[in-house]
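Peer 1: Based on these hints, arrange chain B on the given structure of chain A.
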Amino acid sequence: GDSVTQMEGPVTLSEEAFLTINCTYTATGYPSLFWYVQYPGEGLQLLLKATKADDKGSNKGFEATYRKETTSFHLEKGSVQVSDSAVYFCALSDTNSGYALNFGKGTSLLVTP
Amino acid sequence: EPEVTQTPSHQVTQMGQEVILRCVPISNHLYFYWYRQILGQKVEFLVSFYNNEISEKSEIFDDQFSVERPDGSNFTLKIRSTKLEDSAMYFCASSAQGAGRETQYFGPGTRLLVL
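Top to bottom, those sequences are chains A and B.
Each residue of the first sequence is one higher than the one before, counting from 29 in the working numbering.
Each residue of the second sequence is one higher than the one before, counting from 874 in the working numbering.
These aren't lab readings, by the way, just hints derived from the structure by calculation.
Given the structure is predicted, the values throughout are model-derived calculations rather than measurements.
Take these hints with a grain of salt, some might be off.
When the alpha-carbon atoms are kept at most 25 Å apart in a straight line, the in silico SDA-like pairs for lysine to any residue are as follows [stated by the list, open to error]:
(1) A:K96 with B:T976
(2) A:K105 with A:E91
(3) A:K80 with A:A45
(4) A:K133 with B:S882
(5) A:K77 with B:G973
(6) B:K915 with A:E44
(7) A:K77 with B:S931
(8) A:K105 with A:G57
(9) A:K88 with A:V110
(10) A:K133 with B:L957
(11) A:K88 with B:E891
(12) B:K915 with A:Q73
(13) A:K88 with B:E975
(14) A:K77 with B:S954
(15) B:K930 with A:G57
(16) B:K930 with B:S954
FRET-style restraints, in silico, Cβ to Cβ [said to hold, decoys possible]:
(17) B:L957 with A:E70: 22 to 30 Å
(18) B:G945 with A:E36: 25 to 33 Å
(19) B:K951 with A:G29: 25 to 33 Å
(20) A:E36 with B:D944: 24 to 32 Å
The C-beta atom is built at its ideal place from N, Cα and C for all residues, glycine as well.
Bound-form chain A, shown alone (with noise of 0.2 Å):
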C-alpha cells in the first residue's frame, strides 16, 4: 500500500539557518503530496501542498517540489525562524484511498536564537 517516509528527528537549527526536511513516498497511482504543520499544543495546519509531478508547493517562504523521478517532496526553506518551531508531518493522498491522508512520522523541528 502506499507510505510516506519522513527524516527522523528532531532537527535542531540556528535562526537564520537552511532547512531541509526530506520525504519519500510509494504509491501505486499518482498521489498529491502535502506538508502539514503543527505548532505546540494546537491541530494540523496545511502548510503546502502539490497535486502533479514538478509542481512547486511554496507558503511561508516554506517550498518543495513534487518528484516523480524520485518518488520524494522534500521540504525546504532558507533562512528558518525561532517561530517555525513545529512538527512537520508530510502526507500523500489519492482517489485508490477516496482522498484519505497518508501521513509519515512527523518531524520535529527546533528553531534556536
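Peer 2: Showing chain B alone in chain A's frame:
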C-alpha cells in the same frame, strides 16, 4: 477565515464508557474525516464520510466506532465502549467538492484520555 471547530478540547473518561466527539466542519464542505494521533505516533486515518454515508474506513475503525451527521452542521465520532488504547488526540477534517477535494482542513483536535 472559516475553520473547523471541535468540542470538547479535552475529555477524560473511564474505560468502558461511551464518548461522543463533536466537530463543526467548514460550512460549504461536503467531505468529512476523522483521524487520530496517539501520543508520539503518526496521524492515522479513521474514516471519511460523504452524503450521509461512510466512504472509506481504516482497519482501526471497528464496530466500536461510529460516525453521524445529526444535523446540517455537526459531525460526530462515537466510541461505544472506550479502551485504554483509545487514548489519543482525535482530529476532524473537512474538504470541499470538486477541485478542492484533496485539500483537507483540520480542527484543533480533542484530546481523549481513557483511564
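Peer 1: Just to be careful, I want the Cα atoms of A:K133 and B:S882 compared with a cutoff of 25 Å; is the pair within it?
Peer 2: 23 Å, holds
Peer 1: Given the proposed pairing of A:K96 with B:T976, does the C-alpha separation stay at or below 25 Å?
Peer 2: Measuring from Cα to Cα gives roughly 20 Å; hence the hint holds.
Peer 1: Verify the proposed pairing of B:K930 with A:G57, using a straight-line Cα cut of 25 Å.
Peer 2: 19 Å, holds
Peer 1: Need the status of pair B:K915, A:Q73: alpha-carbon distance at most 25 Å?
Peer 2: 15 Å, holds
Peer 1: Assess, step by step, whether the Cα of A:K80 is no farther than 25 Å from the Cα of A:A45, and give holds or violated.
Peer 2: 29 Å, violated
Peer 1: Hint check: A:K105 vs A:E91, CA-CA at most 25 Å. Holds or violated?
Peer 2: 6 Å, holds
Peer 1: Should the hint that B:K951 and A:G29 are 25 to 33 Å apart at their CB atoms be regarded as holding?
Peer 2: 27 Å Cβ-Cβ, so the 25 to 33 Å window holds.
Peer 1: Hey, A:K77 versus B:S931, does the alpha-carbon distance stay inside 25 Å?
Peer 2: The hint holds at about 24 Å.
Peer 1: Please test the hint of 22 to 30 Å on the beta carbon pair from B:L957 and A:E70.
Peer 2: 26 Å, holds
Peer 1: Assess, step by step, whether the Cα of A:K105 is no farther than 25 Å from the Cα of A:G57, and give holds or violated.
Peer 2: 28 Å, violated
Peer 1: Does A:K88 pair with B:E891 here, judged by a C-alpha cut-off of 25 Å?
Peer 2: Given that 25 Å is the threshold and the Cα spacing comes to 42 Å, the pair is violated.
Peer 1: Does the alpha-carbon distance linking B:K930 and B:S954 stay inside the 25 Å limit?
Peer 2: Cα-Cα ~19 Å, so holds.
The earlier numbered hints that this structure contradicts are 3, 6, 8, 11, 14, 18, 20.
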